[in-house]
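Model the full structure from these sequences, guided by the hints.
The listed protein sequences correspond, in order, to chains A and B.
Going by our numbering, 94 is the number at position 94 of the first sequence; the sequence numbering is gapless.
Going by our numbering, 56 is the number at position 56 of the second sequence; the sequence numbering is gapless.
Treat the hints as calculated values from the structure; they're not laboratory data.
On a predicted model such as this, the values are computed, not experimentally measured, just so you know.
From the three backbone atoms N, C-alpha and C, an ideal C-beta is built for every residue, glycine too.
A few chain A residues that face chain B, going by a derived Cβ cut-off under 8 Å, partial list only:
(1) L20
(2) T25
(3) P28
(4) G39
(5) R46
(6) D49
These are the residues of each chain, in order.
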Amino acid sequence: MPATETTDFEREFEELVRRLRTLPTAAPDDVRERVRALGEPAQQPRLWDRLLAAPWRRSLLVLAPVCVLGLVSAAVVHGVLNSGSQREAAVTSPAGAVRAVPGSSGGREVLQPEFSSRLPTPAPNPNRYQDYEAWMRVRVKDLDSLTERTNEAMQVVRSYGGYVASVEQSTSAGQPGQADLVLRVPVVHVEDALMRLSGLGTVVERHLSIRDLEQVVQQQRQRILQLKLFIARATEALKGSLPADVRLRLQLQLEEARRNLSRTTNANRATLREASMSRISLTFTTQKAVGATKTGGTGRVERAARDAASFLAAAGAVLLFLLIVLSPLIVLAIAGFWGTRAYRRREERRLLAST
Amino acid sequence: MKAVNAVTTSWPGLHVDRPSFSAVAESELDAVHRYLLFLTGDRAVAEDLTGETFEKAFRSWRRFDPRRGTVRAWLCRIARSTALDHFRSEERRRRREARYARDLPEAEEPGLGPGATEAALARLSPAEREVVALRVLLELDGPTTARVLGISVTACSTRLSRALKRLEEMMRDAGD
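And the structure:
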């Protein structure tokens with residue numbers, strides 16, 4: 001850029017500058033002809049030439065934000081794609097009975113119970129004595145439904161010849177309502193009863209326990225038989241003539257056997273009663289299960305953000321790794337560049353310093 | 001610097017207008033020659049290097065970006081690089097000659113011209129002469145000159161001031 005204004009040195013060395021500018025320094029004609037003979041370059045500038053000519057500082061200022069933007073965009077795309085509706089989400093539940101199912105539409109993900117009321121439950125074996133116990137947690141819509149469903153459950157149990165062992169319902173303002181019922185249903189109807197009870201709401205948890213009592217019953221029966229046999233023999237022996245001490249000892253043993261027989265018989269009756277009536281612990285609640293239903297918006301955004309952050313973290317780790325691995329080479333390259341440049345400048349100064 | 005009124009070409013898709021090479025060569029030839037004359041202190045060498053400079057410029061014309069500086073500064077950079085290559089080769093030649101032809105008489109150094117100003121200029125170092133040429137004759141501004149020389153603006157200004165003072169002193173001494 002020519003200096004159009006009068007610069008300091010022009011004022012200070014006015015005469016000298018004027019004399020220097022009048023020196024005959026024009027290029028001779030032969031040089032002019034030689035340059036004219038070159039003509040016009042045929043090759044037009046290409047994009048590659050433009051890129052090569054770009055200043056590296058400006059390029060860096062553009063490239064760095066572009067790279068960061070590209071990385072963030074890739075992370076966002078990765079997060080959005082990975083948070084799609086086809087992905088299953090793990091849901092925590094006390095018994096792990098609830099799981100996510102894919103296939104919901106419109107970005108809304110509905111979590112359903114692992115089993116539904118239509119699915120068959122393990123059936124008791126009618127040829128064996130078994131202790132059948134079920135624990136079930138059923139979600140209902142609201143407090144009104146809670147009371148209605150509790151009544152319906154009691155009616156269901158009675159319709160199968162069962163009874164309600166206990167019922168406890170708690171409702172308070174602002175808190176989710178809950179009703180705990182302990183139901184006894186004849187084992188032969190337990191499957192049907194469970195099916196109908198499951199239909200009273202949304203089953204969020206269910207546990208079943210079947211304990212075989214066949215061996216216990218057989219042992220009790222064998223014991224009863226032995227005791228009866230002993231009592232019969234002892235009674236018969238006491239009718240005859242026996243020494244006084246033997247008679248006394250036999251009478252004591254007979255009384256003890258009768259007490260044992262009574263206890264064992266009662267226990268046997270209890271076992272048989274246990275085997276004939278199943279125990280169902282039913283809980284109705286208005287509280288939504290943890291993660292049972294999630295709106296697609298929030299959950300998906302959260303997952304997308306998490307995935308994007310993971311992607312960025314992975315990219316950062318890779319960059320850090322590359323930086324650590326390549327840093328010695330980068331340092332060497334920079335040192336080589338600056339060293340060469342310094343050497344060339346020193347060489348230039350030396351060449352231009354000589355008169 | 002004279003304005004270059006010539007046919008312009010534009011980079012495809014980049015909308016950067018550039019003067020034609022022939023127009024640039026016509027308008028900048030004297031400036032480049034003047035610079036090389038001061039830098040080398042030898043008319044014959046300056047003429048050779050001027051031709052060489054424009055040949056190099058011709059070959060790399062497509063890489064010239066008008067947005068990064070004036071065409072005069074770009075040509076001066078090429079001229080300086082060409083002159084430095086010349087100085088290096090001359091230095092090597094002198095070393096060879098000093099080694100194998102010690103007995104040959106020293107060749108007389110050609111000057112810038114017969115006048116007192118030319119004589120005083122010849123006593124300056126090439127570094128001093130080139131800054132005088134760029135700033136005084138080619139009328140490049142301080143930052144552009146500094147970029148061409150690869151030094152800071154302050155160093156450029158100092159070098160110019162020192163060169164002009166020395167030149168003035170030498171001319172005053174020669175007058176006395």
